[in-house]
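Student: Residues per chain, in single letters:
There are 2 protein chains.
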Amino acid sequence: MSDTLHIGFFIYPGVTQLDATGPAQVLSLVPGAQIHMIAKTLDPVPTDAGFSILPTDDIHTCPQLDVLCLPGGTGQVPVMGDGEVLAFLKRQGDGARYVTSVCSGSLILGAAGLLQGYRSACHWAFRDMLPMFGATPVADRVVQDRNRISGGGVTAGIDFGLTLAAELAGEDKAREIQLLIEYAPAPPFDAGRPETAGPELEARVRDHFAAAI
Amino acid sequence: MSDTLHIGFFIYPGVTQLDATGPAQVLSLVPGAQIHMIAKTLDPVPTDAGFSILPTDDIHTCPQLDVLCLPGGTGQVPVMGDGEVLAFLKRQGDGARYVTSVCSGSLILGAAGLLQGYRSACHWAFRDMLPMFGATPVADRVVQDRNRISGGGVTAGIDFGLTLAAELAGEDKAREIQLLIEYAPAPPFDAGRPETAGPELEARVRDHFAAAI
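If you're matching them up, the sequences are chains F and S in order. Be aware that the first sequence starts at -9, since it is given in this note's numbering, and climbs by one per residue. Be aware that the second sequence starts at -9, since it is given in this note's numbering, and climbs by one per residue.
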């Protein structure tokens, strides 16, 4: 048995890269961790932010993961209809210690049949789609239900990552990682949730997503 | 004249990828923005988190940037001694509207001669090296001095990104971006600064960096 902890993010064209790169930074600091960026093929994956990530594994070469994580993104719609990818995710999810997601990545887990009967987080704008997949939406920043752990929208991936780091390596190590990445956030504005941002900004963000998808 | 806003991160082997990918996510949402990931060559750049980013430009093909941003990382020491790269950064910095950094990336700006007489942020563990480059260290999360804007350690890049987004596109747009990326942080622990983490964790993080560099 290997001591390596295989932590894998499934990425795809149009992925919201911070959904994956945020928790990847946190979890790469867990002792024994090896980060996998998995894609359908080994071709570079164009993210939503104008640059590409090179996959470390494709769906044929990826070892069984200890942690499966699904980031969200406006490119996720075709992924949710790709039977070959969904079968890979289901097989990995059934064998993983933790099945996780950030942002609307929870909807991909749902499409793969991995959230039936579970409580889950999701980006606020897409949270009400979870019941389509038999999951119960929860408006918290990080949600844990048995071995499913999920984060809310985009930046929640860092809070999710630290929560999972504590599960994997203990709270003391998670606190050390928090100090290393100087995670003492100080948002310059208070518009991170619809409740504080107000209806006009909420409408503009919904329009942005409608146009992008 | 183009309406494109060229925002470039200079990356290198061993870069702390979240220093770049955090603000890249935020700034990619500024109207007209084009994100550049610039490296010395176009070869994939292995980050500190176990995966590689594909550069969009090298130091010979990169257009004049509107925003130059330097991320930090344990791989930055050879960069700070690479005359060809430092000359590129100096030339870009002299022509850019904003010269910026996240984490210990400010020390690279310093090595390029771009921080002489400026106040700057830096990762807490490396902040006291700024005076070697004629810069004045400031212990704030985001520091602005004329057209220099800098963030503290790693995750401060998101706060930095939102501050810069407001400079570039106005506070209303920055608040919209904050809502889009659901930036309402809720750290599960309170260990993001040496003052709250305590001396034992501080010593362990300093040991981690000493071993990594």
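If you're looking for bench data, these hints aren't it; they were derived computationally from the structure. Just so you know, not all the hints are guaranteed correct.
[Stated by the list, open to error] Where chain F lies over chain S, by a calculated footprint (3+ residues, C-beta under 8 Å):
#: 1; segment: 27 to 39
#: 2; segment: 47 to 53
#: 3; segment: 138 to 146
#: 4; segment: 152 to 158
#: 5; segment: 191 to 203
These numbers come from a predicted model, not from an experiment. Ideal Cβ placement from N, Cα and C applies to all residues, glycine included.
Student: Check, residue by residue, whether the segment 47 to 53 of chain S contains three or more positions whose beta-carbon lies closer than 8 Å to a beta-carbon of chain F, and give the verdict.
Tutor: Since 0 is below three, the answer is violated.
Student: Quick check: the segment 27 to 39 of chain S, covered by chain F? Criterion 3+ residues, Cβ under 8 Å.
Tutor: Holds: 4 residues of the segment 27 to 39 of chain S have a Cβ under 8 Å from chain F.
Student: Are three or more residues of the segment 191 to 203 of chain S within 8 Å, CB to CB, of chain F?
Tutor: holds (count 5)
Student: Is the coverage entry for the segment 138 to 146 of chain S by chain F consistent with the three-residue Cβ rule at 8 Å?
Tutor: holds (count 5)
Student: With a cut-off of 8 Å between beta carbons, are at least three residues of the segment 152 to 158 of chain S near chain F?
Tutor: Since 3 is at least three, the answer is holds.
Taken one by one, the earlier hints fail for this structure only at number 2.
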